[in-house]
Amino acid sequence: MARKRGEKPHRGGRAAASAPDMPSHASGEIAGLQAWHLLALGTMAAMTAGVFLTTGTPIVNVVSVSVAIATTALVAIGIYRTLMPLVMPDASEQTEMLGGRTRAAFEREKMLVLRSIKEVEFDRAMRKISDADYQEMVGRLRSRAAGLMRTLDGGGPGYRELIERDLATRLGTAQAPASAAASVEQPRPAPGVCPECGADNGTDARFCKACGTRVGEAS
Amino acid sequence: MASLGSFLLMATFVIFAYALAASVAGARRGSRQLVESGVGAFYLAAAVMTVASAVIVQAFVTDNYSIKYVQRYSDQLQPMFYKITSYWGGLDGSIMFWVFLLSAFGSLAVYVNRDRHRELIPYVVAIISGVQLFFLFMMIVHKNPFETFLVQAPKDGQGLNPLLQNIYMVIHPPSLYIGFVGMTIPFAFGMAALITGHTDDSWLRAVRRWTMVSWLFLSLGLTLGMIWAYEELGWGGYWGWDPVENAGLLPWLTATAFLHSVIVQERRGMLKVWNMTLVITTFFLTIFGTFMTRSGVVQSVHAFGEDRALAWMFTVFMVVILVFSFGWVIKRLPMLKPRYELDSWISREAAFVANNWILLIAAMLVLFGTMFPTLSEALTGNRLTVGPPFFNRWMAPIGLIILALTGVAPLLAWRRSTLANLLDSFLWPVVFALAVSVGFVALGVRVWSSGLCFALCAFVAATIVQEFHRGGMVRKEATGTDAVTATIGLVMRERRRYGGYIVHLGIVLMFLGFAGEGFKADEQFLLKMGQEATLRHFKVRNDGVQVTDDGQKQMVTGRVAVFENGKRLGTMYPARWFFRKHEQQPTTEVAIRRTAGEDLYLVMPAYDLKDQSMSLQVVINPLINWIWFGFGILVLGTGIALLPERAFAFALGRVPSETATP
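Keeping their order, the protein sequence lines are chains F and P. For the first sequence, my numbering begins at 1 and goes up steadily by one. For the second sequence, my numbering begins at 220 and goes up steadily by one.
Just so you know, the hints here were simulated from the structure itself, not pulled from any lab data. Quick reminder that beta carbons are idealized off the backbone N, C-alpha and C, glycines included. Any given hint might turn out to be false.
Partial list, computed: chain P residues near chain F (C-beta under 10 Å) [stated by the list, open to error]:
(1) Met299
(2) Arg486
(3) Arg567
(4) Ser644
(5) Val693
The calculated DSSO-like cross-link candidates involving lysine-lysine, where the alpha carbons are at most 27 Å apart (straight line), are [to be verified]:
(6) Lys829/P - Lys758/P
(7) Lys829/P - Lys800/P
(8) Lys786/P - Lys739/P
(9) Lys118/F - Lys695/P
(10) Lys556/P - Lys110/F
(11) Lys747/P - Lys786/P
Put together the whole structure using the sequences plus the hints.
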């Protein structure tokens, strides 16, 4: 999903959300500038003015005034960040705090898994792993990478369900997530994929590493 | 200003309390508003602590002696640089400095991980806030750095201890504090992983860089302390197993174990309980070390003094840490089950387990030796001292085992090593080590412990060279580049692994320096004017004593002519400095002549200005500079391991996708 200039990266796993999800950012934007840009500019201007006003006095005074202005600005930012979430309306009626990894987090995890595959291949070339162990390790890592790619492509069961549930809520429909899911033919979970949270644990896993659910029967 | 400072501390306490409550409540209710507000409060607390720090520094700079802390650690003659660094010169200020650093680091860690590890952030904020609440409570009720004189303030201060007016002593405490404080971050993420149940590798990835940076600063702090002891205390050595030294070493040992152990969890899904235990133990030892140096339970030349109330506060806090942390470990044990069991004792996994055990045993031994005097006094009424001979006797073999593991572990295969693996990997390093051993034995070097140390250094160095060579050849064949580019590309692609090998090389060089201690020469002479003395191949001659003054201190300097094998090398100037207001605590200014092979170290403990005679201590320290050089290599290796993704991109050439090379 392309971002508009000045728009902050969207947080959470609700990829279908657009502008209403981030009211705090919308209220702080002026033609591409954000609130903190203005605060930083104002702080620098105040510090410059302070330096001019204290010209001719000992250097300690100049530094003290500058530090006082800078720290006041930091405190102002802190107060803003503390109070603003409390006064803004909640972004979603169903705010779930876990499992909401961003696309960037999945991309990074995919990169790390692919790098791990390369490391295992290197260890094999350096004769640090036997062929049998190499096959097992690489197989597990490739399965995990494949699961991540499916999730990123929107094919993972957990991710799709999350998007559809969130969309239904925003459109104000009474459609329950279960019925929404029922209208879409749910693929049988792949071997090693947790039926509960959708995490990919590898073909040989018996328990999910994220939520502890037994995955042996699913595979 | 003092009132403002006190108010800021109390405000920070309230803000952290809110941050803790809001984050936990938000996480439990699933309220993103509360969590965001809690995180915002966390940032606000960091900002307020910055203001408080600026207030105390301003008080030092403007000589505000109405504040007791400023009056105690500064005076009008003190150079501006040391006035500013007096912030952390005393106990009260050092605690505030701790809170300031932790608030800054915590804010950075939370900000960087706010999206990637959203589920952990509320509890990370809560844990760090909890730690901050303890230190702030201690400051507000007991050790307020903004406490003022009730009556007329003195016109001048007492001044910073002259021993601390030294560049190493300026860098050493902040470096150690950064290391200590930084270990709170991995602890917070580890606890958040336990509380949320997300016990997979994700929390390890969040804290890996933090742990490495904290470990690096701990290493820097310890090494700077060694350099300071060597150059300022004037006893000819660099490590005396002082309780305060040990307080810094303890978390370093367990953090080293943690940094290695996480590799096994990432690769094989094993040692999860070990990693949780190590991160908790490391954090606990940072608090325990702070407790030791501030409560008076141990006696040390550079402890802060005795304070029973402080000791009780720390004791309660440490009990809470242990119960809370290990309580969660026990509760989450089912989720910490390893993916695999140990298949063979001749495997890399087994080597890492051995590494964990040996480092933990080393830490427990040092802890036992450090606390033994206190324990013996508590139990028997007699304070029995434990000195360097005890520590050297037990830590020497442990150190050699650690050195051996440094070479063995990288050569072993994952899961199990076959005889063919072992022969292929160990042949040349072992042959090289044996050749070096034979050479040293032929030169008359004792096998225990110096000879064995040299042999192990040779072994480990050979394994490192072998790893670089073989890896470079694999990459060279795959990429078609030259050997140099291939090796650079290999290091840059596998920064963590090869940066680690460079760190190991630094450790080897440091052990080489430690081994030189076995060949040390130390003698004291009483020399009249013009008189000579000889120690091994060096001859020294007393050419007189002179007195000078620079306003801040009086300097009594000896002039000593130095000869090596009859050839004049030059003149060295050992001295004694007497600072104004601290005349009873003169500092010893050592004269050192450094070469790669040895140091010639001169100290003038006594003198007579009338007849220009001097008492001169002459020490020869072989190989000592390899310790400092080895540390530099260690820093280089850590820096490489911490490099960002696109460093040295020119050497990261494209390789076919099926090629087995990083």
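Here is what the structure says about each hint:
1. Met299: holds, 9 Å
2. Arg486: holds, 8 Å
3. Arg567: holds, 7 Å
4. Ser644: Because about 7 Å separates Ser644/P from the closest Cβ in chain F, which is inside the 10 Å limit, the hint holds.
5. Val693: At about 5 Å, which falls below the 10 Å cut-off, the nearest Cβ of chain F leaves the hint on Val693/P intact, so it holds.
6. Lys829/P - Lys758/P: With Cα atoms ~24 Å apart, Lys829/P and Lys758/P stay inside 27 Å; holds.
7. Lys829/P - Lys800/P: Since the Cα atoms of Lys829/P and Lys800/P sit roughly 25 Å apart, the hinted pair holds (cutoff 27 Å).
8. Lys786/P - Lys739/P: Distance ~22 Å between Lys786/P and Lys739/P Cα, so the pair holds.
9. Lys118/F - Lys695/P: Roughly 16 Å between the alpha carbons, so the hint for Lys118/F and Lys695/P holds.
10. Lys556/P - Lys110/F: Cα-Cα ~24 Å, so holds.
11. Lys747/P - Lys786/P: Holds - the C-alpha atoms of Lys786/P and Lys747/P are around 22 Å apart, at most 27 Å.
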